[in-house]
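A.B. asks: Based on these hints, arrange chain C on the given structure of chain F.
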Amino acid sequence: MIVAKQKPLEEIREMIEGYERILVLGCGTCTAICLAGGDKEVAVLVSSLRMADKISGKNRLFREHTVERQCEWEFLDEIEEQVKEVDAILSLGCGVGVQAISERFPEILVLPGLDTLFMGMPQEEGIWIERCSGCGNCILDETGGICPITRCAKGLLNGPCGGTRDGKCEVDPEKDCAWTLIYQRLEKQGKLELFDEYHPPRNFQVVMRPGKFMIK
Amino acid sequence: MTSQSQFEPQIIAFACHYCAYAAADLAGIMRLQYPTNIRIIKLPCSGTVDLLHILKAFEQGADGVFVAGCLKGGCHFIEGNIRAERRVERAKGILDSIGLGRDRLEMFFLSASEAPRFAEAAREMTERIRRLGPSPIKGV
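Same order as they appear, the protein sequences are chains F and C.
All letters in the first sequence, in the order written, are residues 1 to 216 by the working numbering.
All letters in the second sequence, in the order written, are residues 1001 to 1140 by the working numbering.
So that you can see chain F by itself, here it is in the shape it has in the complex (with noise of 0.2 Å):
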């Protein structure tokens, strides 16, 4: 899933300065399972947006929704009517579906109340790890399904590196070495004769920038 992190309430207040109509649309998908733009995120939100205005003596209108999905039209469509009647949408979705509204309605402005960090999964409660990178060329089935690309620090694809002490990262010494792990990991399930195969230098074609994938 797609993991972001919501911005400070400072940032967001800035952003939205100078409209009176603002509808905070939340994401039933990824960044609610994040934490970070379900539908209670978004009554969070508009409950400390509503005190600061009042604080500062501001009486702003706040509308609060949460779609399914922000990354796809068909579920834009329910809000088309909230659409006409504010001057800006603050998403709490991924940069994706900040550009999903902003194509489904090109005439709203749609500011983005999270930022979006990477592909990952939840290690333990309030903790998500990168896991994936979306290069396009995906080679797991030959590194014990430990995805070096992402998680070795320095990308490689023959590791590990001089850099490796007690199997942590000299980058980052919190981190593991993905090469160690990969090693590890390998040992287990016995394939050790992968470890020694060479890795050419990855094809950067395979996704050009912006990716577009198409069913044949």
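Please note that the accuracy of each hint is not assured.
As the list claims (entries may be wrong) - Calculated pairs, DSS-like style, for lysine-lysine (alpha carbon to alpha carbon, straight line, at most 30 Å):
{"hint": "1", "chain 1": "F", "residue 1": "Lys168", "chain 2": "F", "residue 2": "Lys188"}
{"hint": "2", "chain 1": "C", "residue 1": "Lys1042", "chain 2": "C", "residue 2": "Lys1056"}
{"hint": "3", "chain 1": "C", "residue 1": "Lys1056", "chain 2": "C", "residue 2": "Lys1092"}
{"hint": "4", "chain 1": "C", "residue 1": "Lys1092", "chain 2": "F", "residue 2": "Lys40"}
{"hint": "5", "chain 1": "F", "residue 1": "Lys7", "chain 2": "C", "residue 2": "Lys1056"}
{"hint": "6", "chain 1": "C", "residue 1": "Lys1042", "chain 2": "C", "residue 2": "Lys1072"}
{"hint": "7", "chain 1": "F", "residue 1": "Lys175", "chain 2": "F", "residue 2": "Lys154"}
{"hint": "8", "chain 1": "C", "residue 1": "Lys1072", "chain 2": "F", "residue 2": "Lys58"}
{"hint": "9", "chain 1": "F", "residue 1": "Lys212", "chain 2": "F", "residue 2": "Lys5"}
{"hint": "10", "chain 1": "F", "residue 1": "Lys40", "chain 2": "F", "residue 2": "Lys54"}
{"hint": "11", "chain 1": "F", "residue 1": "Lys7", "chain 2": "F", "residue 2": "Lys40"}
{"hint": "12", "chain 1": "C", "residue 1": "Lys1138", "chain 2": "C", "residue 2": "Lys1072"}
{"hint": "13", "chain 1": "F", "residue 1": "Lys84", "chain 2": "C", "residue 2": "Lys1056"}
{"hint": "14", "chain 1": "F", "residue 1": "Lys54", "chain 2": "F", "residue 2": "Lys7"}
{"hint": "15", "chain 1": "C", "residue 1": "Lys1092", "chain 2": "F", "residue 2": "Lys54"}
{"hint": "16", "chain 1": "F", "residue 1": "Lys58", "chain 2": "C", "residue 2": "Lys1056"}
{"hint": "17", "chain 1": "C", "residue 1": "Lys1092", "chain 2": "F", "residue 2": "Lys7"}
{"hint": "18", "chain 1": "C", "residue 1": "Lys1138", "chain 2": "F", "residue 2": "Lys54"}
{"hint": "19", "chain 1": "F", "residue 1": "Lys54", "chain 2": "C", "residue 2": "Lys1056"}
{"hint": "20", "chain 1": "F", "residue 1": "Lys40", "chain 2": "C", "residue 2": "Lys1042"}
{"hint": "21", "chain 1": "C", "residue 1": "Lys1042", "chain 2": "F", "residue 2": "Lys54"}
{"hint": "22", "chain 1": "C", "residue 1": "Lys1138", "chain 2": "F", "residue 2": "Lys7"}
{"hint": "23", "chain 1": "F", "residue 1": "Lys58", "chain 2": "F", "residue 2": "Lys40"}
{"hint": "24", "chain 1": "C", "residue 1": "Lys1138", "chain 2": "F", "residue 2": "Lys58"}
As the list claims (entries may be wrong) - Every beta carbon over 12 Å from chain C, so not counted as near; a handful from chain F, in silico:
{"hint": "25", "residue": "Ser133"}
{"hint": "26", "residue": "Ala153"}
{"hint": "27", "residue": "Gln189"}
What the hints contain is simulated information worked out from the structure, not anything from laboratory work.
No residue lacks a Cβ here, since even glycine has one placed at the ideal position from N, Cα and C.
C.D. replies: Then chain C, alone, in the frame of chain F:
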């Protein structure tokens, strides 16, 4: 605006059924005096208090809020009070960032037998909020 001397704060107390609520009950039975500014909301566990409950209390004009849960290690649901503490801490951060100030919110830990402690918490919060003055949200 009400002058400082006349100001009677409205304080919402989210109290756990197994400790703080029972302590408040016991305080009554023991005829302990504590300020009448406290409005108690009983919860099945302090861990059921939601960030939104706290914020809505302030949004609707509470001058102060406190959450009272069991002593650490004594939660009927193992770690509800620890969860509540984390939520209170998060809410304090929000109160700071909107300009209301973290001091209007507090978390207390006590057992069902600590009626004097409940009365003390009620007094402590009332005095603190009285010093801070009315919530700026209320007057608008």
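A.B. asks: Enumerate the violated hints, using their earlier numbering and listing them in ascending order.
C.D. replies: Violated hints (numbers, rising): 8, 12; every other hint is consistent with the structure.
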